[in-house]
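**Student:** If you read the protein sequences in the order shown, they are chains A and B.
Going by this note's numbering, the first residue of the first sequence is number 51, and it counts up by one from there.
Going by this note's numbering, the first residue of the second sequence is number 66, and it counts up by one from there.
Derived from the structure by calculation, the hints contain no laboratory data.
Treat the hints with care, as some may be off.
To be verified - Calculated pairs, DSS-like style, for lysine-lysine (alpha carbon to alpha carbon, straight line, at most 25 Å):
1. K91/B / K198/A
2. K177/B / K384/A
3. K298/A / K177/B
4. K95/B / K193/A
5. K87/A / K112/A
6. K66/A / K214/B
7. K123/A / K223/B
Unchecked claim - Counterexamples of contact, computed for chain B against chain A with all Cβ distances above 12 Å:
8. R100
9. L180
10. D230
For each residue, glycine too, the CB sits at the ideal point set by N, CA and C.
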Amino acid sequence: MEAILSRNFNISNAWKLSVAEERGAYQTAKKVLTSSKPEEVLAAVMASNLRGLGGAGFPTGKKWSFLPKNNPKPVYLVINADEGEPGTCKDRYILERDPHQMIEGIIISAFAINSHKAYVYIRGEYVRPYENLQAAVDEAYTKGYLGKNALGSGYAIDLVVHRGAGAYICGEETALLNSLEGGRGLPRLKPPFPAIVGLFGCPTIINNVETVACVPHIMKNGAEWFAALGIPGCGGTHLFSISGHVEKPGVYELPMGVSLKDIIYKNAGGILGGRQLKAVIPGGISAKILTAAEVDVKMDYDSLKNAGTMLGSAGIMVMDETTCMVKMLYYATKFFAHESCGQCSPCREGTGWAHKIVTRIYSGHGKIEDLDELLRIARNMERRTICVFADAAAWPILSYIGKFRTEFEQFITQGKAALLEPAGAH
Amino acid sequence: MTALPTADSRFRGNDTLSALDHEAQKIVAKYDEKRAAVLPLLHLAQDTIGYVTPEAMEWTAKWSEVPVVHVREVVTFYSMYHQKPVGKHHIRFCTGTSCVLRGCESQLNYLKKKLKIENGDVTPDGKFSLEEAECLCNCEGAPMMQVDKDYHVDLTEKKTDEILDGLK
């Protein structure tokens, strides 16, 4: 398959404007801003079947169409570069290695939604990606690609890069808005949705880094071309992050709907050390786990939903036969207990309580009743809070215990010695 | 009566902050509302002073035109703001799922033994501090850690030695 989003990842210094321009950067944006109408861009993005690649998979064109008509307020475009979902490392490649691809996407997208101001919210720990991105933005301003007369089109676009400060929840779009407004990252109640009341109370579209990077390719090669790369209802390619017990962990650009088995055994070179597969998390820590028997599944939003899990951020984490599921649940609950924003009681109390119980089990003092207690806590967190963080925190508990209950029971009744750090494990 | 030492006595003084006023003005001007400058102002103050002092919170509040208590809320919410000095080199050691799968526990234990510190501590000479971090999203290079600005991947004990011993 021809590389599209990843075509510049291995070109040295592609984050510099001169190199990016040699590779065709900004030509599409220039053409669109000088000869297309915003409605034409919207129509193309709609027809391309581009879906939000940050995790939710919402159709991008549809999201854009929710903006109010005849609105007197400014419209903001906010790019979610707060990559933080454990197992996901794809946006970092665009931000660090090919930021001009994203900036070009921002210019076209802002034009399409009649926005003159865009913010990129990048996670605070991504210092080197931030430096490259900021340098790219500065170069784009110097050349007049951004600013009052973007690309000589007469259309004004300002772009501000905003660094986060270490909070997973800020990847949730309304928490991100509160953080961008200078506050704690607490998710907002919806409705109103950000398209109506977003940043500074104005209509706002929030798109993921990879999503917006697709837009120049759609405008260059056509919506039909993009739609045909994927599967019906879900166009294009996707950057799949794969890590854990595989021979070749990495970020692979593959068509939507590719087989999970193929990614593991073909692209990533199979299970580390020739060991047997035990389980896979297909879409970041929030996605429900799949057993080895369940990996014959296509990687797209609908197929994974039908398999009882989700594509999420397409962060695939592979676990081999030596993996201790109690240990993995210990680290998963630690993560959610640490990152809960504390706003809603079921989540604030539930994540902490669940982590305490799992810690007790992991330290060898668990009771059999703890398992049902954990499931009960998890079910009481689902769908009872402002945002989906609590659901995401519940799913590892429900799926690890649900699918590996015998192992949990053995761990509790026979002691942890048999299962912890088995021979050959890392 | 001798005055008790306050945070001020460790603080490099308000001169440091006033030297940042020009930069602060530029940051505030980038945003549609001044309050949005809270995070970048705190980053700037911390990068300059080493941590967020009470004075830095007041300075941030002044420039972003929000109450100091609001700035304090922000500082305590985010993991990257430090309210006390950290080491000259701050280490964020990833304990995310992928890193656990690729053996981060033994690498982390090695690092702790090497530096003789635990999570949240600073070495007595002030050179290193350690923070066990949630996923830093370099999962393809697990196990990994961040030292100051840089990510270091595929860690082994030898590699950790090389990285840390090479720092001044």
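**Student:** What hint numbers does the structure not satisfy?
**Tutor:** 3, 7 and 8
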